[in-house]
Amino acid sequence: MSEGRQRELVVLLAEVAAGDRAAFSRLYERTAAKLFSSIRRILASEALAEDAVQDAYVRIWRRAGDFDASIASPIAWMTTIARHTAIDIVRRGAERISAAGDEIDAELADRLADPRGSGERAVAGSRLKACLDQLDQDRRGMVVLAYCQGWSREELAKRFGRPVATVKTILRRSLIALKDCLGG
Amino acid sequence: MADDDIEALAGEYVLGTLDADERRAAEARLRADATFRTAVADWERRLQPLADTADAMSPSAAVFGRIMAAIDAAPQAAATGGNVVELRRSVRRWRITTVLMGAAAAVLAAVVVLDRTGPAPQSQFVAVLTAEGAKPAFVATVDTVKGTIAVRRVATEAPPDKSYELWSIEPNAAPKSLGVLEQASLSRPLPVAPTGKATLAVSLEPKGGSPTGAPTGPVVFSGALVATEGP
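Going line by line, the protein sequences match chains A and B.
If you use numbering that gives the first Met the number 0, the first sequence closes out at 183, no skipped numbers anywhere.
If you use numbering that gives the first Met the number 0, the second sequence closes out at 230, no skipped numbers anywhere.
Treat the hints with caution; some may be incorrect.
[Claimed, not checked] Straight-line distance between alpha carbons at most 27 Å, and here's what the computed DSSO-like set of lysine-lysine pairs gives: (1) B:K175 / B:K206; (2) A:K167 / B:K196; (3) B:K145 / B:K196; (4) A:K157 / A:K33; (5) A:K167 / B:K145; (6) A:K167 / A:K178.
[As the list claims (entries may be wrong)] Simulated restraints on C-beta separations: (7) A:R4 / B:R151: 29 to 37 Å; (8) B:K145 / A:A17: 29 to 37 Å; (9) B:G212 / A:G92: 16 to 24 Å; (10) B:G195 / A:S69: 29 to 37 Å; (11) A:D179 / B:G207: 42 to 50 Å; (12) A:D135 / B:A149: 48 to 56 Å; (13) B:A226 / A:S125: 43 to 51 Å; (14) A:V163 / B:D3: 17 to 25 Å; (15) A:D132 / B:G146: 50 to 58 Å; (16) B:V191 / A:A164: 21 to 29 Å.
In case anyone wonders, no lab produced these hints; they're calculated from the structure.
Since the model is a prediction, treat every value here as computed from it, not as a measurement.
Note that CB positions come from ideal geometry on N, CA and C, so glycine has one too.
Hey, can you work out the whole structure from these sequences and the hints?
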């Protein structure tokens with residue numbers, strides 16, 4: 000995302016925090032497709048995904064005052080809200096993409112190296128890919144399945160044949176390794 | 000909590016692998032802990048390239064109307080209304096101040112002097128709850144042996160249609176209510192005993208306190224417990 004676009008979203012979020020509906024409508028236009036695509040990977044059902052995107056924007060409206068531009072990226076902040084909303088729906092037992100989730104999306108890792116988009120975003124993608132590639136296959140799979148498809152520790156434990164507590168330890172070690180690899 | 004623990008918790012929060020209770024506790028901590036907030040923002044940015052790999056897909060045109068209807072159906076939580084907006088703004092200013100000034104609350108707490116009457120060390124704690132570095136809003140003293148808490152409001156009444164509610168937030172746990180703060184001062188037995196690691200926070204709730212047992216409004220003041228005696 001370009002710097003100008005980032006700045007625009009920061010301004011829109013500040014206006015939304017003050018209760019500006021026109022700004023909220025513009026924010027939605029600029030970001031809905033992006034958030035919806037993250038949600039759809041977690042929720043295969045279009046109807047549930049639309050419920051999730053609806054809940055996510057209600058949360059964004061209410062929490063816009065919490066967004067802190069001095070530390071956070073606006074699209075990344077909204078993406079967390081969207082993914083967490085979708086994960087809440089999945090964990091309520093409404094739906095699970097089991098068939099698609101049975102195999103790790105190997106294609107995904109390749110896309111990281113070739114993100115549509117340009118400049119800074121492509122660089123960030125290829126750096127993350129390089130660091131994910133340094134994790135062993137199971138660890139990489141756990142991180143990617145959790146982030147992209149919203150898998151819980153329990154689901155990962157079943158898929159990878161490890162105790163839940165071990166999965167938690169592995170996830171945390173993998174995250175610290177990623178952070179170190181990305182240079183903090 | 001060691002740096003790696005904060006980083007791992009922030010990473011798992013963004014990743015989405017915390018369970019429901021852990022997530023709620025992390026969200027409460029986000030409001031009260033600037034270091035954690037920064038760690039989470041950094042993780043969001045690090046992992047965002049994974050979100051960028053998703054195929055673009057648009058929700059149907061009807062969705063935006065449904066969002067606005069949902070917002071209108073629950074207006075009390077919306078970001079409108081002068082007082083709430085003002086408080087939210089002051090929270091944001093406080094955050095920026097906190098980033099600049101570091102542990103402002105701890106510095107303020109250090110100037111509060113209490114009688115050292117407690118028989119056991121580490122049983123008496125004080126927290127100064129602030130919104131902006133320079134102005135304490137509540138001063139709380141906690142005695143974990145006697146099981147009592149005393150809270151004094153030194154600034155800012157809640158808006159007439161709202162109540163302040165006091166919460167104890169332990170690392171890795173959901174916030175626990177310590178009561179609704181209707182008066183300028185409150186002294187009562189502790190419903191739950193905070194450990195020395197707790198942060199106290201005041202949220203702005205509907206009149207009479209949170210209907211859900213968890214904070215529903217913005218956290219407007221917070222401060223960490225500090226022991227009144229050295230270890």
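Check: Between G195 (chain B) and S69 (chain A), is the Cβ distance one that fits in 29 to 37 Å?
Finding: At roughly 30 Å between Cβ atoms, S69 (chain A) and G195 (chain B) fall inside 29 to 37 Å, so the hint holds.
Check: When you check the alpha-carbon spacing of K175 (chain B) and K206 (chain B), does it fall within 27 Å?
Finding: holds (18 Å)
Next item on the list: For the pair we were handed, K157 (chain A) and K33 (chain A), check the Cα-Cα distance against 27 Å.
Entry: Violated, because 30 Å separates the two Cα atoms, which is more than 27 Å.
Next item on the list: Starting from the range 17 to 25 Å, see whether the pair V163 (chain A) and D3 (chain B) falls in it by beta-carbon distance.
Entry: 20 Å Cβ-Cβ, so the 17 to 25 Å window holds.
Item checked: Range hint compliance [Cβ, D135 (chain A) to A149 (chain B), 48 to 56 Å] -> Hint holds: Cβ distance 54 Å, inside 48 to 56 Å.
Notebook entry, point to check: Given the hint that K167 (chain A) pairs with K178 (chain A), does the C-alpha gap stay at or below 27 Å?
Noted result: Holds, at about 17 Å.
Note to self: Please check whether D132 (chain A) and G146 (chain B) have a Cβ separation lying inside 50 to 58 Å.
What the structure shows: Because 54 Å falls inside the window, the suggested range holds.
Next item on the list: Quickly compare the C-alpha distance for K167 (chain A) and K196 (chain B) to 27 Å and report which way the hint goes.
Entry: holds (23 Å)
Check: At the C-beta level, are K145 (chain B) and A17 (chain A) separated by a distance inside 29 to 37 Å?
Finding: violated (45 Å)
Item checked: Satisfaction of the hinted span 21 to 29 Å by the C-beta atoms belonging to V191 (chain B) and A164 (chain A) -> Since V191 (chain B) and A164 (chain A) have Cβ atoms about 26 Å apart, the given range 21 to 29 Å holds.
Check: Quick one: are A226 (chain B) and S125 (chain A) within 43 to 51 Å, going by C-beta?
Finding: Because 48 Å falls inside the window, the suggested range holds.
Checklist line | Outcome for the supplied range 16 to 24 Å, where the beta carbon pair is G212 (chain B) and G92 (chain A) | finding: holds (23 Å)
Figure legend: structure checked against the earlier numbered hints; hints not met, in rising order: 4, 5, 7, 8.
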